[in-house]
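Asks: One letter stands for each residue in the lines below.
2 protein chains.
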Amino acid sequence: LLLGYEESGSAGCAQVRLGLKYDSKEKRFSVYVMQLANCGTLALPPDQNVYVRVVVLPCSETTHCLFRTRGFPSHDSVEPNEVFGVQLSHTALRQKTLRLDVCTAGKSGREECLAGAQISLADVDYSGERRTKWYNLLNYMYMPEMDSK
Amino acid sequence: LLLGYEESGSAGCAQVRLGLKYDSKEKRFSVYVMQLANCGTLALPPDQNVYVRVVVLPCSETTHCLFRTRGFPSHDSVEPNEVFGVQLSHTALRQKTLRLDVCTAGKSGREECLAGAQISLADVDYSGERRTKWYNLLNYMYMPEMDSK
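First to last, the protein sequences are chains Z and S. Remember, the working numbering sits 833 above the position in the first sequence when you count from 1. Remember, the working numbering sits 833 above the position in the second sequence when you count from 1.
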């Protein structure tokens, strides 16, 4: 069910530094995708660019809620420094979950996501200040299969 | 790609109340699965029990890191009040991600998970106090497909 994992600690784990901000005057939620670190642990394909996909879920049909950064060569540390915004009330925002994935577009053009973070926005701050934090990215290799025992 | 979602706000979203605690003396991380709320929004099968699956990932082969609560009839609010513990150093813990899923075992015995939360433990508190919070559960129905555009 679960793959083995060398718990040496030295390799660290892939992380993403995100800034989250809600501006209650403009009713705008902003996601700053600042930096990826320890990408080496993700075993990214060396000949392909990686990018970060950001989704605010659940998504209403009339809202733009899916974003992608530009692509980067798969170095160990990547600094997209891109910001994405979604227009919604604070009440609606608090029912959302932010998903963030590190993906590549393979030769076939299919999107393959290797690792991700998922952040509940139930207690998102509405002071208008940007809260910046490092989040661990979970490598999908280590995920238990969703529909099997 | 993304399914539509009625942004009425009145339905709310499924949530789980979790307590997280790290005891640095005992080197023990505890997850308290306290309560599920608004389960009605998950469209749980009425004739099946639901339970919560807890995984601390990545998982080393020698550690027990996958747990399940007992099953409950799928009411709107469920209070498992169960606690699970994992033995590990604070350094190792900070590289982990906690996944929590609401699942049912169908007639075939296959585990089907309907919604989940994923919590980065990068900044987990080590004061020994239990931190209790509500987290939104993301319904997998709303997830973008992982490997498609």
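Among the clues, some could well be false.
[To be verified] Only pairs whose alpha carbons sit at most 27 Å apart, straight line, appear in this in silico DSSO-like list of lysine-lysine:
| no. | chain 1 | residue 1 | chain 2 | residue 2 |
| --- | --- | --- | --- | --- |
| 1 | Z | K940 | Z | K854 |
| 2 | Z | K966 | S | K940 |
| 3 | Z | K860 | S | K860 |
| 4 | S | K966 | S | K860 |
| 5 | S | K966 | Z | K854 |
| 6 | S | K858 | S | K940 |
| 7 | Z | K966 | Z | K858 |
| 8 | Z | K860 | Z | K966 |
| 9 | S | K854 | S | K940 |
| 10 | Z | K860 | S | K966 |
| 11 | Z | K940 | S | K860 |
Hint data in this document are derived by calculation from the structure and do not stem from the laboratory. Computed from a prediction, not measured in an experiment: that's the story for all the values here.
Asks: All hints, please: hold or fail.
Replies: Verification of the supplied hints:
| no. | hint | result |
| --- | --- | --- |
| 1 | Z:K940 / Z:K854 | 36 Å, violated |
| 2 | Z:K966 / S:K940 | 43 Å, violated |
| 3 | Z:K860 / S:K860 | 43 Å, violated |
| 4 | S:K966 / S:K860 | 22 Å, holds |
| 5 | S:K966 / Z:K854 | 20 Å, holds |
| 6 | S:K858 / S:K940 | 44 Å, violated |
| 7 | Z:K966 / Z:K858 | 24 Å, holds |
| 8 | Z:K860 / Z:K966 | 22 Å, holds |
| 9 | S:K854 / S:K940 | 36 Å, violated |
| 10 | Z:K860 / S:K966 | 24 Å, holds |
| 11 | Z:K940 / S:K860 | 46 Å, violated |
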